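Undergrad: Here is how the chains run, residue by residue.
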Amino acid sequence: MHSLWLIPIFPLVGFLINGMLGRRFSKTVINTVAVGSVVLSFLWVLKALSALAPLNETYVEHYFTWISSGTLDIGFDFAIDRLTMVMLLVVTGIGSLIHVYATGYMAHEGGYYRFFAYLNLFMFFMLTLVLAANYVLLFVGWEGVGLCSYLLIGFYFLKKSASDAGKKAFIVNRIGDFGFSLAMFLIVISFGTLDFQKVFAKASTISPEVQYGSITTICLLLLVGAIGKSAQIPLYVWLPDAMEGPTPVSALIHAATMVTAGVYMIARSATLFERAPIAMDVVAYIGLATAVMAATIGLVQNDIKKVYAYSTVSQLGYMFLGCGVGAFSAGIWHVVTHAFFKALLFLGAGSVIHACAGEQDMQKMGGLMKKIPITFAVLFIAAMAIAGVPPLSGHYSKDAILMAAHARAPWMYWVGVVTAGMTAFYVFRSIFLTFFGEYRGKAHPHESPAVMWVPLAVLAVLSLIGGYAFNIPEFLSPVLPMHGGVHDESLATIATAAGLAGILLAAICYLFVPSIPGALASAFAPIYQTLYDKYYVDELYNVSIVKPIANGSREILWKGADVGVFDALVNGAGTTSMALGGLLRKMQSGNLRTYASWVLIGILLVMGGFAVYGGAK
Amino acid sequence: MPNVPVPLNYYLTLSAILFMIGAAGFIIRRNIITVFMSIELMLNAVNLTFVTFSYQFRQVDGHIYSFFVMVVAAAEAAVGLAIILTVFKNRSTLTIDDVSSMKN
Chain H
1 MHSLWLIPIF PLVGFLINGM LGRRFSKTVI NTVAVGSVVL SFLWVLKALS ALAPLNETYV
61 EHYFTWISSG TLDIGFDFAI DRLTMVMLLV VTGIGSLIHV YATGYMAHEG GYYRFFAYLN
121 LFMFFMLTLV LAANYVLLFV GWEGVGLCSY LLIGFYFLKK SASDAGKKAF IVNRIGDFGF
181 SLAMFLIVIS FGTLDFQKVF AKASTISPEV QYGSITTICL LLLVGAIGKS AQIPLYVWLP
241 DAMEGPTPVS ALIHAATMVT AGVYMIARSA TLFERAPIAM DVVAYIGLAT AVMAATIGLV
301 QNDIKKVYAY STVSQLGYMF LGCGVGAFSA GIWHVVTHAF FKALLFLGAG SVIHACAGEQ
361 DMQKMGGLMK KIPITFAVLF IAAMAIAGVP PLSGHYSKDA ILMAAHARAP WMYWVGVVTA
421 GMTAFYVFRS IFLTFFGEYR GKAHPHESPA VMWVPLAVLA VLSLIGGYAF NIPEFLSPVL
481 PMHGGVHDES LATIATAAGL AGILLAAICY LFVPSIPGAL ASAFAPIYQT LYDKYYVDEL
541 YNVSIVKPIA NGSREILWKG ADVGVFDALV NGAGTTSMAL GGLLRKMQSG NLRTYASWVL
601 IGILLVMGGF AVYGGAK
Chain D
1 MPNVPVPLNY YLTLSAILFM IGAAGFIIRR NIITVFMSIE LMLNAVNLTF VTFSYQFRQV
61 DGHIYSFFVM VVAAAEAAVG LAIILTVFKN RSTLTIDDVS SMKN
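Sequence order for the protein chains is H and D.
The numbering used here puts the first sequence at residues 1 to 617.
The numbering used here puts the second sequence at residues 1 to 104.
Bound conformation, chain D alone (with noise of 0.2 Å):
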């Protein structure tokens, strides 16, 4: 068997997938932490399009911005469980609605 490479079209349809699987659970649900995990979702698939590209044009351009978004991804993951947490904590709960203050 040849070596044949995996084609572009496969990456990119699985990263879109992902992405919208991440989109929709973002739109969808109302757990925080679900719509927590589908921002990460979203993320990685893009990073999935970033390493993709950098490997189809052989430039490290996209391996730089995937290392960006890991790092942001991180930091974000921080902050954002943080503030999950004390949500929790003050209002007991969860549900993304009920702790929204926008209109009334």
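If we strip away everything but chain H, and leave its shape as in the complex, we get (with noise of 0.2 Å):
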């Protein structure tokens, strides 16, 4: 045994001890517990993974049994292979990280220990869901981190934006988890368990469904769920509203690790994906469409944090695209790269909001490089990082999923390099508006102080040699088969080719000749008001289900059965009661006659009874 049960509980015990007695507690303390409890489980997940290297077969650890009930045996058991290996990393590494940075960051903030409290029960369920054998416990960290997602993003619950948008999140991803369950209700008819490797064992025997078939609506239903986590289209509205919450809260949660659980319920449900080829295209169209289409919203946007939240929400799109094209270790690598550049560039953001006393609107930054140069750097790293410049870590994942694309259809690959190009172009245009020209803010910007930025720099150490030092792909290959195409040296240009015209454009509008941008927008303002306004796809929504739920509640539900049927059921028996209890209330009159009288009456009508029917026989 190498007890993986530990890696998830040292942060439920963070939880536990700062939650419950945290408000007591000095800030020292919380650090220490909170930072402690999740450096603890990386440094465990590191014990175990050196014990179990090298780890070419899934090792399982069961527990208990946790439901039977007739041929269903659900066990409480933990599993790990290479892909879980790789998912601890990510998760306890940056998490390990974030935490340390949030102690720099939050310092100043209310509810502190509230704020590490959930964080740790965050990486509970987090490390649940990664470490789960089942689908049924991968469930209940999927739940759990929803949980947590909601109570960080409503963290500032006394602003109105921020609790709307905490149940923005919660609600939009009951959808998703409706399509997750249904999948689940399906496995077990189909397969008659839950058990990962029970699953892909038995449909590994079965050929691949031409046709829509079983497998297929599986496949689809656990897509629906991996929509709502991981915010694709059509559910992807929650993503860039959950801004709200704190900064490192949006780095963990909301781009390095919950998001991307639904590519890792993808890449973990291969085996079933594979044999479900329409379903395939579906998560590689959804992927794409989703790609492009938050890029062009992250385009225009002025709100530093949500540039970077549609940017994750695109990036999140390659890494469907990967694996809906059969790579799924590409999207793994995707995944990996992603959470070191992504994480890095919000907790940047989060470093220059702080600098800038809490302003997000990039039109009144600029300048801020020599103010904060360490920022810029680390920003600067992350950005080309994830323009795909090479040999910075995202060049690697990105061309990995565009040359499996390519394999599959070149005209996935053409829109995922114009995708890459308008990546490359968003991001270094926040750079050049917030670090260069002229600072436009009235605050007085100041450098973050080192627990904030260390744990940056180890970051962009990380978005620099990432995508170099590790070859996911090929460590993956043992649990999830090489697909896509042979590397092509051209493609490969044309794609870097693509992200450095991005940042040259970029350079060109918002460094040389500053007037393009108001130009452009002048010239295609509808274009432009269209995406600035996402697409006005929030409206649509609020018109087509929000609107009508909320009227329909309000007007049948509420006004018409609650009111109208169940409380005046409820009612009408208290007044006929009220009515009754009055007419015999008038019998008790206090008169000493008038009750002998009752009696009497009482006798006479017994006595009539007896003479016209006769008594007892």
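Source of the hints: derived by calculation from the structure; they are not laboratory data.
All values reported here derive from a predicted model rather than from experimental measurement.
Any given hint could turn out to be false.
[Unchecked claim] Partial pick of chain H residues on the chain D-facing surface, computed with a CB cut under 7 Å: (1) Arg593; (2) Ala596; (3) Ser597.
[Claimed, not checked] Only pairs whose alpha carbons sit at most 25 Å apart, straight line, appear in this in silico SDA-like list of lysine to any residue: (4) Lys198/H - Ser68/H; (5) Lys202/H - Gly213/H; (6) Lys586/H - Ala24/D; (7) Lys89/D - Asn591/H; (8) Lys586/H - Arg29/D; (9) Lys586/H - Ile28/D; (10) Lys306/H - Pro514/H; (11) Lys586/H - Ile96/D; (12) Lys586/H - Asp97/D; (13) Lys586/H - Ile27/D; (14) Lys202/H - Thr71/H; (15) Lys586/H - Asp98/D; (16) Lys586/H - Ser100/D.
For glycine and all other residues, C-beta sits at the position ideal for the given N, C-alpha and C.
From these two lone chains plus the hints, build me the complex, please.
TA: Below, the structure written as structure tokens:
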């Protein structure tokens, strides 16, 4: 036994300690408990992995039978294979860094202990999700991270927009989770078990479904779950709003770990998806559409966190594209590199916001390069990484996905390349607007403390070498079959050139000829406005779904059914008995002779009854 | 004139009449003493019925019961009169409605 259960237990204990007693603790104690628990679980991951190396087989630990019903047996099992190992390292490693960063970022915020308690609880659920050896346990983690996401988005719960954003995230995710639970029911019906190994062992004997069948249905329903969690079209709307949460939360939950749970789940179910080509195509189309759409929105946003939020949606689209074209390991590779550079982007943005005293509008920044040089340096590295500049990390994973897409269908590759260009453009737009030119704000920017920039530096190093040093697809080849095209040098060059072109274009627009963006915006005003207003998707959902449901609930369910029927029934019972009581009350006059008369009348009635009908025989 | 027994109906009718007089007095009269006497009248009407049936069926049960009733009535008269005396001493009235404490 390697005591895998210790990995998620450390943060859970941290959550319990800080959650129950944190109010009385000093910040130092809270920091020690919160950061210490996550670092401990990171160390335990390392220890378990070194003990289990090279981990060619899946290693399972069975703790107890959780649900036993008929032939269905669901164990509380943790399993670890190479895919889990990658996710474990990302979650605990980046989680530790972000916890350290958060001790600096949140230093002046109220509810300090609450924040770290939630963050630790999130780590617990995320690690449960990753370690789970069956779909039900994965679902437990899946729901748990959703809960923590809700709690942390609405962390500033006095702010209406923040609590609304939390609710939105939770409700939108319910739609996806509904699909996921249906998928689990269907898996039980089709395979009679929910254990990963058993399901995949049975599935691997089935030949791929060319026509629509039960495996395709399962995969599509799993996809619905993944779409909700990983913010893909049409359920992506919650993620940009989720930026209401504190920035470390955006970095940890809404960029590096939780939102990639959908990709992880699809990669985990690769055996099923490979047998459902129709579902695979749907995955690829959704991923591609999301990547393009979110990138176009990201081009024109002015809120620095909104830009990175749409960038996250877009990059998640890339991962889905990778999975959809069969390159699951490339998708996971992008999960890893994206975790490096997107966590870095968000934490860097947090550092910028921190420096500008809470300002998030890039139009009120500028010229920060000299004032916060370290933040500038790390953000620049992250931007280069996401733009796909070789040899930084993003270059490798993005190339792997694009190659696989080209092997599947060349047009997918070209759409992906254009999106890569846009990605480079909007990221460097944010860099140029923030760090170059004249300072346009009012606050006095200052560099962040060391607890904040040291994690940034570590992430910057990972973003620099992450792609080159960790060849994830090769590492994952025992778990996830290698797919996709061979590495084509010219295709790779085109993709890189697209990224560089995007950077160049951003430099022209925002450094050398600053009049261009304004001129373009007014020349193509309708398009600009549509992009700026995010294609009016929120408005569309409001009119087509939210309003009808809200009005229907109010008019039919509340005023019609609840007030009209149920309240009327209950109140009717009350008023009827009161009226009856009122009648009977009149008999109790308090006058003794009246009572005597009642007695007499009663006796006479009884005796009259005996006289007429005869007594007992 | 042969020895013709008085028919049962006569006794019972007398008993019913006595009882109704007692009941009516109990309900209508306001003087406590009168009410008290009405109660005694009802008890004795019942006693008459007991004795009648006892004679009719040649059984002793009815007699025993009538004795019981008499004993209880005597005890009740003792207690009741004592109460009435106390009430009169405290309230200086014998009107039954004036001493009622039910409903205000």
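Undergrad: So, for every hint listed, does it hold in this structure?
TA: Taking the hints in turn, this is what the structure says about them:
no.: 1; hint: Arg593; verdict: 5 Å, holds
no.: 2; hint: Ala596; verdict: 5 Å, holds
no.: 3; hint: Ser597; verdict: 6 Å, holds
no.: 4; hint: Lys198/H - Ser68/H; verdict: 16 Å, holds
no.: 5; hint: Lys202/H - Gly213/H; verdict: 16 Å, holds
no.: 6; hint: Lys586/H - Ala24/D; verdict: 23 Å, holds
no.: 7; hint: Lys89/D - Asn591/H; verdict: 23 Å, holds
no.: 8; hint: Lys586/H - Arg29/D; verdict: 23 Å, holds
no.: 9; hint: Lys586/H - Ile28/D; verdict: 20 Å, holds
no.: 10; hint: Lys306/H - Pro514/H; verdict: 22 Å, holds
no.: 11; hint: Lys586/H - Ile96/D; verdict: 21 Å, holds
no.: 12; hint: Lys586/H - Asp97/D; verdict: 19 Å, holds
no.: 13; hint: Lys586/H - Ile27/D; verdict: 19 Å, holds
no.: 14; hint: Lys202/H - Thr71/H; verdict: 16 Å, holds
no.: 15; hint: Lys586/H - Asp98/D; verdict: 21 Å, holds
no.: 16; hint: Lys586/H - Ser100/D; verdict: 18 Å, holds
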